[in-house]
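**Q** So the protein sequences, as listed, match chains B and E.
For the first sequence, my numbering begins at -14 and goes up steadily by one.
For the second sequence, my numbering begins at 7 and goes up steadily by one.
For the record, the hints were derived by calculation from the structure and aren't laboratory data.
Take the hints with a grain of salt, since some may be wrong.
Here are the simulated lysine-lysine pairs, DSSO-like style, with alpha carbons at most 30 Å apart [what the hints assert, rightly or not]:
(1) K175(B) to K186(B)
(2) K102(E) to K131(B)
(3) K389(B) to K16(E)
(4) K64(E) to K409(B)
(5) K40(E) to K273(B)
(6) K102(E) to K390(B)
(7) K144(E) to K467(B)
(8) K115(E) to K16(E)
(9) K420(B) to K8(B)
(10) K58(E) to K468(B)
The structure displayed is predicted, hence computed values, not measured ones.
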Amino acid sequence: MKKIMIDPVTRLEGHGKIAIFLKDDGSVANVYFQVPELRGFEKFSEGRAAEDMPQITQRICGVCPEAHHMASTKALDDLFHVEPTSAAKKLRELLYSSFYVTDHTTHFYILAGPDFVMGPDAPPAERNILGVIAKVGLELGGAVIKTRHENHWVIQTIGGRPIHPCCGLPGGVSKAINEEEREKIEEIAKQSVEFGKLSLKVFDDIVLKNKEYLGMVLSDTFTHRTYYMGLVDENNKVNFYDGRVRVVDPDGKEFIKYAPRDYVKHLAEHVEPWTYLKFPYLKKVGWKGFIDGKDSGVYRATPLSRLNAADGMTTPLAQEEYEKMYSTLGGKPAHYTLATHWARLIELLYAAERMVELVQDPEITSTDIRTIPTAKPDEGVGIVEAPRGTLTHHYITDERGVIKKCNLIVGTTNNYAAFYMSVKKAAEHLIKPGKEITEGLLNRIEMAWRPYDLCLACATHALPGELPLEVTIYDAQGNEVKKLSQGI
Amino acid sequence: MAKLLRAKSKLMIAYGSCSYEGCIPGLSNFYDRKTTFERAYIETPTTDNPEKIFPQTKVKVPEGELELPEFYDTVKTLGQTVDVDYIVPGCPPEEKTTWLALEALITGKLPPKGTVISHSVKAVCDECPLKKEEKRIKKFYRPYQIIPEPEKCLLEQGLLCYGIATRGGCGALCPQANMPCTGCYGPVEGVVDQGAHFLSALASIIDSNDPEEIQRIIDDIPDPAGTFYRYSLADSLLRRARVK
């Protein structure tokens, strides 16, 4: 066997860098989580035609372009003062729900699942999707691939293209679906519900029935008390496509609820010189540094945060699972970061159930899918829940609809302070004087950020998408003692 | 990074529009580092940065020193940085395009060096099923302003469809969803500058000989540079705007 090392590739731009500094006695002195990339969408969007923004901004990322496409299209509705037709809204939400099914499937099975299914101490060569398939069986592995493949067909059928949709226009969508397509989508939606149920059963069997894993989920090492953010409908139920942004405090009490236009009143972003990514926080509480609790403006916007911030789910099966989760975790809000994986699967089931509801709506094949804007464009804000957090697009244009100013607060960015704190806490708890730093131990530190489903491409609006990451540990003299990288 | 990969690789393929022609991030070449930083770290309405801190390539922290890679003024393509063997176009390359490239690699039946691997060397129009008649345009519309007639060429209806200047191979997906092609597969075979090609094609279909009327017709295009060079600015003859 020949060993191939491509060491300097770890210098790749577009990955997270974690530096862990140790004291003389080998305990942790400090941790830095750097994001070494920026592309500047907020600047080069200036001068572009507003209607091009859904297709321009979705190039921020190849992982969740649908989220940018949708937030941008909604910002255009607001900008052009136009109300999309009822059928258009339903088609957008159907596409978006289908996208959630694919995205959450990818994360659980390909990125997060290996930790639980294979175990945190399994060698990296087995801690991957192939290892998962070997353990849970080809049948489930096939279902994962099929679910993703078929839902991408749904995205293409409604959105025009399978990866970067092109259907979003102010006031509607460019394309209707016919009865034949509807029937096929209905079939896929129903299969996705079954897949969602199956995934929760897998989680139950593998994680919840394993005392060691459950203990890890409930341990202080992976816990932070923060504010939680999520989009809710008029009954405070979870909604991914539309509604108001609700934030609850660490005790679960509603702290603020705002309409998209008011986001500037409630959010601010802190800048540090050692990273290209900014740290959003709640303006009313203020930036107090990297600490949790009620007095710190740090909030989280993750699947678990959305469930924490809402009063429940609108679909029956997801609601049942929602209740089960909180009764197991000892009430709301749940502060256990690793429970985010559980919440993600409940959301997957909700998204699939929502697909069924929408595709069975008699209006879904309507051809009344466009309202032509007539008002002068000026300013617009669009918000959706991206899988990785609340996504805000804000544009100001001249009267011809040419972008003058653009501001974006993107999924993963919301959680920057939180996932940095999670990694720091896990490192402090796990790296102890005299204890050897093993792969398994470093993987447990990785497990502290994996629940956030980091997409630093989204966060800094830079490629290459899902997280390549490098951890370097330095001793008290500043010498490198260990390096770990993934996906690089 | 690219240089190292090149040195270690037998074959180097520019996969997708970013490496091929700079793609959307290449639009950053209309601006520079200074204005980009000012927008991102000072101006945006949510930024709270009274001390005007910018990210630094080297930062001293109490425990040691942290480094960040430098942010450059100009986006470059892979081909401008190292020698590239093949190109797979598209943002993103469609499944079938990727498959074509993989097949060539696996079977070893490699095309001549420099080939853009796609099912077509011609324009998107060539594979677009929409009905084409005569292209004579009196007025341009923006996609939100009209509901196009189905099955009829979008360009002939006044929508700025980029299919005439874009390599096919995608299957003309956007026009079939009633949206204009935006040019993501890059120039057709033999064309150096996609934007210039589109501009010259456009000039020949504007239905007027009166300079004032022509000006009026062209004024309906709100962002010519960003439209004609949506994906290819970094790879074009223009490359970038002048840094002030």
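**Q** Run every hint past the structure and note whether it holds.
**A** Quick rundown of the hints versus the structure:
1. K175(B) to K186(B): Holds, at roughly 17 Å.
2. K102(E) to K131(B): holds (18 Å)
3. K389(B) to K16(E): The given pair, whose Cα atoms are some 46 Å apart, is violated under the 30 Å limit.
4. K64(E) to K409(B): Distance of about 22 Å is within 30 Å: holds.
5. K40(E) to K273(B): Distance ~29 Å between K40(E) and K273(B) Cα, so the pair holds.
6. K102(E) to K390(B): Roughly 38 Å between the alpha carbons, so the hint for K102(E) and K390(B) is violated.
7. K144(E) to K467(B): With Cα atoms ~67 Å apart, K144(E) and K467(B) exceed 30 Å; violated.
8. K115(E) to K16(E): holds (15 Å)
9. K420(B) to K8(B): Between K420(B) and K8(B) the Cα gap is close to 13 Å, so the pair holds against 30 Å.
10. K58(E) to K468(B): Status violated; Cα separation ~33 Å.
Hints 3, 6, 7 and 10, counting from the list given before, are not met by this structure.
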